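Starting from the known structure of chain S, fit chain C onto it as the hints suggest.
Going down the list, the sequences are from chains S and C.
In terms of UniProt numbering, the first sequence opens at residue 1 and continues consecutively.
In terms of UniProt numbering, the second sequence opens at residue 1 and continues consecutively.
Note that these hints are calculated values from the structure, not bench results.
Since we're looking at a predicted model, the values are computed, not measured.
Do not take every clue at face value.
[Stated by the list, open to error] In silico lysine-lysine, DSS-like type, Cα no more than 30 Å apart, as pairs:
hint : chain 1 : residue 1 : chain 2 : residue 2
1    : S       : K184      : S       : K172
2    : S       : K186      : S       : K128
3    : S       : K88       : S       : K128
4    : S       : K200      : C       : K66
5    : C       : K66       : S       : K66
6    : C       : K66       : S       : K123
7    : S       : K178      : S       : K88
8    : S       : K186      : S       : K172
9    : S       : K128      : C       : K66
10   : S       : K88       : S       : K200
11   : S       : K123      : S       : K200
12   : S       : K66       : S       : K88
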Amino acid sequence: MAAPSVSKLETPENTATPSPQLGRSAINEIHTSEQSGVPLNTPWTFYLDKSTPGTSAAEYAACLRKLYTVSTVQGFWSVYNNIPTVNKLGSRYSYHLMRHERRPVWEDPYNCNGGNWRMKCHKWDTQKVWQELLLAAIGEHLSDFLAEGDEISGISVSMRERDDIVTIWNTKSQLSEKSDILVKVKELVPDVNFTAAFYKAFQTHQAFEGHSK
Amino acid sequence: MSEKLSPQNLPRGREIPNRRIADISNLPTDYSTTPGGSIFSTTPGGSRIFYERNFLMQCRSSPLAKTPPANMANIPGVTSPGEVDVPKENGEPSKKPSKPEKAGPEENPQFEMDI
Chain S
1 MAAPSVSKLE TPENTATPSP QLGRSAINEI HTSEQSGVPL NTPWTFYLDK
51 STPGTSAAEY AACLRKLYTV STVQGFWSVY NNIPTVNKLG SRYSYHLMRH
101 ERRPVWEDPY NCNGGNWRMK CHKWDTQKVW QELLLAAIGE HLSDFLAEGD
151 EISGISVSMR ERDDIVTIWN TKSQLSEKSD ILVKVKELVP DVNFTAAFYK
201 AFQTHQAFEG HSK
Chain C
1 MSEKLSPQNL PRGREIPNRR IADISNLPTD YSTTPGGSIF STTPGGSRIF
51 YERNFLMQCR SSPLAKTPPA NMANIPGVTS PGEVDVPKEN GEPSKKPSKP
101 EKAGPEENPQ FEMDI
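Chain S with its partners taken away, still in its complex shape (with noise of 0.2 Å):
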């Protein structure tokens, strides 16, 4: 292509073939803040969902709503910074950070084998538990802790009438006991008392309906 005029350059209808200045300028507008950043490990996905007892697993992936994907420090910030606190979501409401763009559905194939470390904390701990849990998550502190082989899916908090519910997702149930996440998750909070916290694989629980692989 024969080099065009600077004031043509400039224009883009003037683009006499499928040209890279075009598709840059599109892509530029198309692409958002998220692209100058720092970029994660991998992108992440902020969920929220209300939980209602006793809804199946096609009920409850219908009432999860996807936020965003960041792929980027800035990007999870520019969500996290503009969401409410968890301390402001009423009961029963829960936020999600997932690896990728999986979904916190147990049945779904990257989550099915799995499970998640689950901590009751006091409400007044919660915003504090859930902000170093999502910074230890995207800074890929926690993978550390699990046994080889085994990955972070993601982690979630839940509200509730008293004690909230933080939980962590791992993919492979069968090494959660090779696994020192919870010893982490003390040095991350080291004043906060949890009044439980347990693993369970996904297909134990009475309501998955998904099949084992």
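Showing chain C alone in chain S's frame:
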């Protein structure tokens, strides 16, 4: 400046912006200097990126982080003003009331365990 460039000068000048993730460009130069700490590192021979908490917290006040993404999902009460409205399946009550909830069986007896 000296006209004689010592061999060390050139590579050292380039290492800082490149950090250890040579395949990821656009890392703004002002993020390459955290006071007193590494920003991130990679696993030995791997590609995992670790971010230190302090660095993540510093990014919180960056201009990019102040406004929500332009195309973030619009959920009244969450990402925009209004009442929180998470859709219900046709507004119907649950059809399987015998099952425990999906997202947090807080009545689960397993919660008796201590940390």
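Do the hints match the structure? See the list:
1. S:K184 to S:K172: This hinted pair holds, its Cα atoms lying about 18 Å apart.
2. S:K186 to S:K128: This hinted pair holds, its Cα atoms lying about 12 Å apart.
3. S:K88 to S:K128: Holds: K88 of chain S and K128 of chain S sit about 13 Å apart, inside 30 Å.
4. S:K200 to C:K66: 37 Å, violated
5. C:K66 to S:K66: Holds - the C-alpha atoms of K66 of chain S and K66 of chain C are around 20 Å apart, at most 30 Å.
6. C:K66 to S:K123: Judged against 30 Å, a Cα distance of about 26 Å means the pair holds.
7. S:K178 to S:K88: Violated, at about 36 Å.
8. S:K186 to S:K172: 22 Å, holds
9. S:K128 to C:K66: Measuring from Cα to Cα gives roughly 20 Å; hence the hint holds.
10. S:K88 to S:K200: Measuring from Cα to Cα gives roughly 28 Å; hence the hint holds.
11. S:K123 to S:K200: 22 Å, holds
12. S:K66 to S:K88: 19 Å, holds
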